[in-house]
Amino acid sequence: MIEPSSARLVTPAFVALTLSDLAYFSAAGVLIAVTPLFAIGPLGSDETGVGVAMGSFSLTTLLLRPLAGRWTDRRGRRALLVGGASLFAVGVLGHYLVTGLLMLVTLRV
26 MIEPSSARLV
36 TPAFVALTLS
46 DLAYFSAAGV
56 LIAVTPLFAI
66 GPLGSDETGV
76 GVAMGSFSLT
86 TLLLRPLAGR
96 WTDRRGRRAL
106 LVGGASLFAV
116 GVLGHYLVTG
126 LLMLVTLRV
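Count along the sequence shown from 1, add 25, and you get the number used in the working numbering.
You can trust all of the hints, since none of them are fake.
Label pairs and their computed distance ranges (CB to CB):
1. Val40 / Gly69: 35 to 45 Å
2. Val40 / Glu72: 39 to 49 Å
3. Leu105 / Asp71: 31 to 41 Å
Don't read these hints as lab results, they were simulated from the structure. All C-beta atoms, glycine included, are put in the ideal place defined by N, C-alpha and C.
Given the sequences, and given the hints that come with them, work out the whole structure.
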């Protein structure tokens, strides 16, 4: 039988991590749903443009994940986590400045 641990699960670090995960995944989910509508509506793109905008993120992810894994093995997780979170925040806020499809694709890369 496993003995219960006396360590607390709900610590300030756990709460901060949970809230940051909630914010990240909420923003990422909204972007997945709203980006096609944004590209077709205000940007005046067609279905092909939506596919390019949505696919550019997947292509970049596919190409960079192996490199990010090697970089993390060499330098540690903290730099990658802080850098990734910062880059994501800049990307989300950058959507306010997008005026065309090329700018949207560049931002999503």
